[in-house]
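Participant: Residue numbers (our numbering), protein chains in the order written: chain L, 1 to 175; chain F, 1001 to 1175; chain C, 2001 to 2175; chain D, 3001 to 3175.
These aren't lab readings, by the way, just hints derived from the structure by calculation.
Some hints here could point you the wrong way.
Straight-line C-alpha distance at most 20 Å; calculated EDC-like pairs for lysine to aspartate or glutamate [unchecked claim]:
id: 1; chain 1: D; residue 1: Lys3097; chain 2: D; residue 2: Glu3066
id: 2; chain 1: D; residue 1: Lys3103; chain 2: C; residue 2: Glu2174
id: 3; chain 1: L; residue 1: Lys105; chain 2: F; residue 2: Glu1174
id: 4; chain 1: D; residue 1: Lys3028; chain 2: D; residue 2: Glu3149
id: 5; chain 1: D; residue 1: Lys3044; chain 2: L; residue 2: Asp166
id: 6; chain 1: D; residue 1: Lys3106; chain 2: C; residue 2: Asp2045
id: 7; chain 1: C; residue 1: Lys2018; chain 2: F; residue 2: Glu1060
id: 8; chain 1: D; residue 1: Lys3018; chain 2: L; residue 2: Glu53
id: 9; chain 1: F; residue 1: Lys1044; chain 2: C; residue 2: Asp2045
id: 10; chain 1: L; residue 1: Lys57; chain 2: D; residue 2: Glu3066
id: 11; chain 1: F; residue 1: Lys1105; chain 2: L; residue 2: Glu174
id: 12; chain 1: F; residue 1: Lys1057; chain 2: C; residue 2: Asp2045
id: 13; chain 1: F; residue 1: Lys1057; chain 2: F; residue 2: Asp1100
id: 14; chain 1: F; residue 1: Lys1103; chain 2: L; residue 2: Asp166
id: 15; chain 1: C; residue 1: Lys2105; chain 2: D; residue 2: Asp3100
id: 16; chain 1: C; residue 1: Lys2105; chain 2: D; residue 2: Asp3162
id: 17; chain 1: C; residue 1: Lys2106; chain 2: D; residue 2: Glu3066
id: 18; chain 1: C; residue 1: Lys2044; chain 2: F; residue 2: Asp1100
id: 19; chain 1: L; residue 1: Lys44; chain 2: D; residue 2: Asp3166
There are 4 protein chains.
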Amino acid sequence: MSILIISGTNRANSVSQKIAKLYQSKLKTLNTDSEILNLSNLPKDFIFSALYENGGKHPEFNPLREKVMKYQKFVFIVAEYNGSFPGVLKAFIDGLKYPDSFKSKKAALVGLSSGVQGGALALSHLTDILSYLGTNVLGERVKIYRIEENFKNDELINKTFDQLLDAQVKNFVEF
Amino acid sequence: MSILIISGTNRANSVSQKIAKLYQSKLKTLNTDSEILNLSNLPKDFIFSALYENGGKHPEFNPLREKVMKYQKFVFIVAEYNGSFPGVLKAFIDGLKYPDSFKSKKAALVGLSSGVQGGALALSHLTDILSYLGTNVLGERVKIYRIEENFKNDELINKTFDQLLDAQVKNFVEF
Amino acid sequence: MSILIISGTNRANSVSQKIAKLYQSKLKTLNTDSEILNLSNLPKDFIFSALYENGGKHPEFNPLREKVMKYQKFVFIVAEYNGSFPGVLKAFIDGLKYPDSFKSKKAALVGLSSGVQGGALALSHLTDILSYLGTNVLGERVKIYRIEENFKNDELINKTFDQLLDAQVKNFVEF
Amino acid sequence: MSILIISGTNRANSVSQKIAKLYQSKLKTLNTDSEILNLSNLPKDFIFSALYENGGKHPEFNPLREKVMKYQKFVFIVAEYNGSFPGVLKAFIDGLKYPDSFKSKKAALVGLSSGVQGGALALSHLTDILSYLGTNVLGERVKIYRIEENFKNDELINKTFDQLLDAQVKNFVEF
């Protein structure tokens, strides 16, 4: 069993990507393989060239579609933008194959924010979408707020968040 | 393993209670025991006498608290009132022991409505609450709309809904 | 014009009630009258005796129903319980007359929490309900987190929150 | 006063665009000018070239940013994709100037769906985002379900939806 970690923004050098790597290292400690899908690697014009009537026809986007279909477990790293998830994350989901991508699969959610919400609404919205798609979402959501203060030099210096993440990782492996 | 089905309203002779019984019979077909907790059996003044500083002190409410604590799996039958779940359902949850009642347990949700929503927002709100409490909610939510047309004489005469319910029951038993 | 402030919990000596009084004093500064409806004054068994088939028949609950119907503007003070609003608040709404109570009226929301969310999900859920009822909700929601630290001796000692509340009060009077 | 109608998908020949035009004609009946912003006219790679560090630097995206800033009232036509709004709509919002684009402005929401939800969750999520941005959202949301049956030849042949839309248009002009 291997897990796909979706780094849910296309911002360059994002904190999401750094948290994705941290998550991967924590999974490795539990002998669990994982792969990171960084949305900053999506084709630049995918939102026009890989959705709707172009769904499934894009030579660069298709391998990502296939990747999602073969995994059974997903971790979403979700930065809070404008009170919800980044638009690119939903656009990516809009380009995936329905219903094979997420139906009866499993997901864990991690929220990140500069402010104090930790992406609470972002994770709520994403849970609605995943539930609509038939994915079982781990109840335990980790919401890391004030990310600039609490995460430095690729490390969660706030140890409470580090422990919450450890607990989620363990529970998700067993989920 | 046995499942607690929460009939989520205190309205007398509610459709929720009838759907709860239907759910129970479907579980039985899969050799799965269940018990129904009908919120119409709550103490009449529990919202004042069994919450907050009175939490855990009410001789009639306490057995219900204990009941919730001993179960690992819950089905919530949720009628849509005023665009969400019935207030009594949340008030009941507010009277339960935290975090032992729902943490790391499992839940499946069924929504009912007179209109066309099937309790979509009610189930979304309840999922937020259960996620907050650390419950793993089955992604597959069944939303039975136009309940008066589709459910008659204790039967889901709309066979699509009956099949959706069968599928959820099966998946929840295996969840 | 006068405003009805709903202190949204029935917990005795609640912080919600104290914030309701603070809100009232701020409204007074702007020459705006208001009245506080404290849910701790609801009939103890209203959830059974004043809803559904008993709607509109309860001699003590009816005056509260009438009160809501005559107001055009509402402030909801909403403490976060179990990741959402208190169940009693929704149960109260379930006992009101539909659709005359809130249709085409106006509301402002204030969230309170011990943790860092400030009731973000509680206010989201309540907005859904009020939107369903046709109420125009002021976009500007004030979310006061870590209420025990930030509110002492009937005062918002965290001046940022006090200013956010002042701004909301002003904008709601003009809304 | 003029209103900006945002046709919230980039799908070619979308129903959203047709409903946007219908909305515009209804506004005209009330002597209210409006302009339609069709997201299918966004630069193909805007999600990479006009957001984050590129915010405000894109020669084709910037005029759209400016357009949003000058309007005070917005109508969002929101098709339901995957249980929420189209990702492109949120990505568009992510590229706008904060907080000048929506703060203290007004919005009305129309949901469209092939199924029976009428975009209920999509509109709930969008309301959260707009509330976060400080926009006052008209409580009255119109949710047009089974759009293929109910909208034909550029007309809402289901007259109930047509009347609901008329009522919203009138109330939004006065909002």
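Participant: Does each hint hold? Answer for all of them.
Facilitator: Here is how each hint holds up against the structure:
With a C-alpha separation of about 9 Å, the suggested pairing of D:Lys3097 with D:Glu3066 holds against the 20 Å cut-off. A C-alpha spacing of about 15 Å is found between D:Lys3103 and C:Glu2174, which places the hinted pair at or below 20 Å, so the restraint holds. Among the hinted pairs, L:Lys105 with F:Glu1174 is consistent with the structure: their alpha-carbon atoms are about 13 Å apart, no more than 20 Å. Between the alpha carbons of D:Lys3028 and D:Glu3149 the distance comes to roughly 26 Å, so the proposed pair goes past 20 Å and is violated.
As the CA atoms of D:Lys3044 and L:Asp166 are separated by approximately 40 Å, the hinted pair breaks the 20 Å bound. Restraint check for D:Lys3106 and C:Asp2045: the C-alpha separation of about 41 Å exceeds 20 Å, so the hint is violated. In summary, the hint linking C:Lys2018 to F:Glu1060 is not supported, as the alpha carbons are separated by about 32 Å, beyond the 20 Å threshold. A hinted pair counts as satisfied when its Cα atoms are at most 20 Å apart, and D:Lys3018 with L:Glu53 qualifies at roughly 18 Å.
A hinted pair counts as satisfied when its Cα atoms are at most 20 Å apart, and F:Lys1044 with C:Asp2045 qualifies at roughly 5 Å. Between L:Lys57 and D:Glu3066 the alpha-carbon distance is near 34 Å, which puts this suggested pair outside the 20 Å criterion. With a C-alpha separation of about 13 Å, the suggested pair F:Lys1105 and L:Glu174 falls inside the 20 Å cut-off, and the hint holds. Using a Cα cut-off of 20 Å, the hinted pair F:Lys1057 and C:Asp2045 holds, with the two alpha carbons roughly 17 Å apart.
Of the pairs offered as hints, the one joining F:Lys1057 and F:Asp1100 holds, with about 17 Å between alpha carbons and a cut-off of 20 Å not exceeded. In summary, the hint linking F:Lys1103 to L:Asp166 is supported, as the alpha carbons are separated by about 17 Å, within the 20 Å threshold. At roughly 27 Å between alpha-carbon atoms, C:Lys2105 and D:Asp3100 are farther apart than 20 Å, so this suggested pair is violated. For the hint linking C:Lys2105 to D:Asp3162, the alpha-carbon distance of about 23 Å lies beyond 20 Å, and the restraint is violated.
Taking the CA atoms of C:Lys2106 and D:Glu3066, the gap is near 30 Å; set against the 20 Å cutoff, the hint is violated. As the CA atoms of C:Lys2044 and F:Asp1100 are separated by approximately 27 Å, the hinted pair breaks the 20 Å bound. Taking the CA atoms of L:Lys44 and D:Asp3166, the gap is near 40 Å; set against the 20 Å cutoff, the hint is violated.
Consistency with the previously given hints fails for numbers 4, 5, 6, 7, 10, 15, 16, 17, 18, 19, ordered from lowest to highest.
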